[in-house]
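Q: One-letter residues, chain by chain:
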Amino acid sequence: MRTMSAEMPELPPLLTASGLTLSRGGRELFTGLDLDLRAGTALLVRGPNGAGKSSLLLALAEILRLDGGRIGWRDGDETPPSHLLAHATGLKASLTVGENLHFWRTLNGPTGLTVIAALDAVGLGGLEAVSAGHLSAGQGKRLALARLLVSRRLVWLLDEPTAALDASGQTLLGRLIADHLRGGGGAIIATHDEIAGLADAPTLTLEAA
Amino acid sequence: MSAFLAIIGRDLRLAARSGSEALTLVLFFVMVAAVVPFAIGPDPALLAKLAPGIVWIAAFLAMLLGLDRLFRDDDADGSLLLFRHAAIPLEAIVCGKMVAHWLLSALPLLIASPLLAILLAMDPDGWGRAALALLLGTPALTAFGVIGAAVTVSLKRGGLLAPVLILPLTLPVLIFGVAMAGTAEGSGAAALFLAAISLVSVAFCPFAAALALRVSGE
Numbered sequence: 001m002r003t004m005s006a007e008m009p010e011l012p013p014l015l016t017a018s019g020l021t022l023s024r025g026g027r028e029l030f031t032g033l034d035l036d037l038r039a040g041t042a043l044l045v046r047g048p049n050g051a052g053k054s055s056l057l058l059a060l061a062e063i064l065r066l067d068g069g070r071i072g073w074r075d076g077d078e079t080p081p082s083h084l085l086a087h088a089t090g091l092k093a094s095l096t097v098g099e100n101l102h103f104w105r106t107l108n109g110p111t112g113l114t115v116i117a118a119l120d121a122v123g124l125g126g127l128e129a130v131s132a133g134h135l136s137a138g139q140g141k142r143l144a145l146a147r148l149l150v151s152r153r154l155v156w157l158l159d160e161p162t163a164a165l166d167a168s169g170q171t172l173l174g175r176l177i178a179d180h181l182r183g184g185g186g187a188i189i190a191t192h193d194e195i196a197g198l199a200d201a202p203t204l205t206l207e208a209a
Numbered sequence: 001m002s003a004f005l006a007i008i009g010r011d012l013r014l015a016a017r018s019g020s021e022a023l024t025l026v027l028f029f030v031m032v033a034a035v036v037p038f039a040i041g042p043d044p045a046l047l048a049k050l051a052p053g054i055v056w057i058a059a060f061l062a063m064l065l066g067l068d069r070l071f072r073d074d075d076a077d078g079s080l081l082l083f084r085h086a087a088i089p090l091e092a093i094v095c096g097k098m099v100a101h102w103l104l105s106a107l108p109l110l111i112a113s114p115l116l117a118i119l120l121a122m123d124p125d126g127w128g129r130a131a132l133a134l135l136l137g138t139p140a141l142t143a144f145g146v147i148g149a150a151v152t153v154s155l156k157r158g159g160l161l162a163p164v165l166i167l168p169l170t171l172p173v174l175i176f177g178v179a180m181a182g183t184a185e186g187s188g189a190a191a192l193f194l195a196a197i198s199l200v201s202v203a204f205c206p207f208a209a210a211l212a213l214r215v216s217g218e
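Chains V and C, in that order, are what the protein sequence lines are. In terms of our numbering, the first sequence is residues 1 to 209. In terms of our numbering, the second sequence is residues 1 to 218.
Calculated from the structure, these hints are not laboratory results. Check the hints yourself; a few may be wrong.
Per label pair, the in silico range of CB-to-CB distance [what the hints assert, rightly or not]:
{"hint": "1", "chain 1": "V", "residue 1": "Gly123", "chain 2": "C", "residue 2": "Pro89", "range": "50 to 60 Å"}
{"hint": "2", "chain 1": "V", "residue 1": "Thr171", "chain 2": "C", "residue 2": "Phe207", "range": "27 to 37 Å"}
{"hint": "3", "chain 1": "V", "residue 1": "Gly184", "chain 2": "C", "residue 2": "Leu107", "range": "46 to 56 Å"}
{"hint": "4", "chain 1": "C", "residue 1": "Val215", "chain 2": "V", "residue 2": "Arg175", "range": "37 to 47 Å"}
{"hint": "5", "chain 1": "V", "residue 1": "Gly32", "chain 2": "C", "residue 2": "Pro172", "range": "26 to 36 Å"}
{"hint": "6", "chain 1": "V", "residue 1": "Gly123", "chain 2": "C", "residue 2": "Leu132", "range": "47 to 57 Å"}
{"hint": "7", "chain 1": "V", "residue 1": "Thr21", "chain 2": "C", "residue 2": "Val164", "range": "52 to 62 Å"}
{"hint": "8", "chain 1": "V", "residue 1": "Thr21", "chain 2": "C", "residue 2": "Phe207", "range": "46 to 56 Å"}
{"hint": "9", "chain 1": "C", "residue 1": "Glu91", "chain 2": "V", "residue 2": "Pro110", "range": "19 to 29 Å"}
{"hint": "10", "chain 1": "C", "residue 1": "Leu65", "chain 2": "V", "residue 2": "Pro110", "range": "34 to 44 Å"}
{"hint": "11", "chain 1": "C", "residue 1": "Met1", "chain 2": "V", "residue 2": "Gly126", "range": "24 to 34 Å"}
{"hint": "12", "chain 1": "C", "residue 1": "Leu132", "chain 2": "V", "residue 2": "Asp67", "range": "51 to 61 Å"}
{"hint": "13", "chain 1": "C", "residue 1": "Leu192", "chain 2": "V", "residue 2": "Arg70", "range": "41 to 51 Å"}
{"hint": "14", "chain 1": "C", "residue 1": "Arg17", "chain 2": "V", "residue 2": "Ser136", "range": "18 to 28 Å"}
Cβ coordinates follow ideal geometry from the N, Cα and C atoms, glycine included.
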């Protein structure tokens, strides 16, 4: 399967961004940043705290307005073409695990796995009737990851995906990302940790502002 | 469409789980009307004359109660960020939340309004006009409330600011609402005005509120 993506170099990148410039609160985070993301690859974003890793992801998700530069998506007609996994997971404590996931599946389009299959895939099988408020932080993170599986989008923007995950959770994350990349997707991951299976992925290092 | 319904369903379900909110609203609504006879005296004729105004003031204040948590919880847990990144436009999501807010904060008042009619010595005709006026006018109150809540979502202590902000906008609703509920003659024109205000504000609100949410998220 890996050779398949190598055989299709003529496909334009999933995402091309050039000259990205962003400042927040009067502080310039980055200027003239270029990046592109090809199908089947991941890009790691590293840098010290406050270097603008999260802001870069929010800008790519078109939630923060850039001061300059442009972002081009290969599948620009799909709105939006990316999934965002941020620190705040958007889970409601008073809804059950299944209800939380079902809501996001309906809102973002049921284009991926079913709720049950996605919960099984992230190791929360059998917990769909449990209130999400009773989950641990790590289980909450797994549930947030399941949201990426129930609606298919080509690019995953992951902000510190390893936070709160245990050792098996880290392995699981690596496997989910690998599966996603094999399916022709891409991922941009802001992290301080090593992601399982992505040791040799290209890295973008942001300097401290 | 199913995504739009999912938004409404989620808010209704959250309200049902947290339990007492709709009940608090209704209790507040009934309480305001219950204390008025003690404050102005138990003269049935006077009460019946003031009743439309009292019903509207009670409804107005009760609907302001629930405004604060309209977007605040979603902002705190990150849902709002993901709403801006959903497959349907933020405007549609705001519209869904507006419908849910009406169902949770205005519909219970309508259902409780017969109780107010008894407390305020209104005749059945008067109650009918007041209930119809509430039905026509509360969508506008909801829409203005949603805009106010969206504008103040990023303010830490914005709880009281939203009601103050939307107060001038809601005064026409109050004026025509009381005029429609008050007397049989002239209530037709007031009803048309009330319906017009509701239609315009409900159509306009999702765009204004979504714009405010986008700006506050930056």
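Q: Now tell me, hint by hint, if it's right for this structure.
A: Against the structure, the hints:
1. Gly123/V with Pro89/C: 50 to 60 Å: Violated - the Cβ-Cβ distance for Gly123/V and Pro89/C, about 34 Å, lies outside 50 to 60 Å.
2. Thr171/V with Phe207/C: 27 to 37 Å: violated, 46 Å
3. Gly184/V with Leu107/C: 46 to 56 Å: At 47 Å between Cβs, range holds.
4. Val215/C with Arg175/V: 37 to 47 Å: The hint (37 to 47 Å, Cβ to Cβ) holds, given that Val215/C and Arg175/V are roughly 39 Å apart.
5. Gly32/V with Pro172/C: 26 to 36 Å: About 52 Å separates the Cβ atoms of Gly32/V and Pro172/C, which means 26 to 36 Å is violated.
6. Gly123/V with Leu132/C: 47 to 57 Å: holds, 55 Å
7. Thr21/V with Val164/C: 52 to 62 Å: Between Thr21/V and Val164/C, where Cβ atoms are some 38 Å apart, the hint is violated.
8. Thr21/V with Phe207/C: 46 to 56 Å: The hinted range 46 to 56 Å is violated for Thr21/V and Phe207/C, with Cβ atoms some 29 Å apart.
9. Glu91/C with Pro110/V: 19 to 29 Å: holds, 22 Å
10. Leu65/C with Pro110/V: 34 to 44 Å: holds, 36 Å
11. Met1/C with Gly126/V: 24 to 34 Å: holds, 32 Å
12. Leu132/C with Asp67/V: 51 to 61 Å: At 52 Å between Cβs, range holds.
13. Leu192/C with Arg70/V: 41 to 51 Å: With a Cβ separation near 49 Å, Leu192/C and Arg70/V satisfy 41 to 51 Å, so the hint holds.
14. Arg17/C with Ser136/V: 18 to 28 Å: holds, 21 Å
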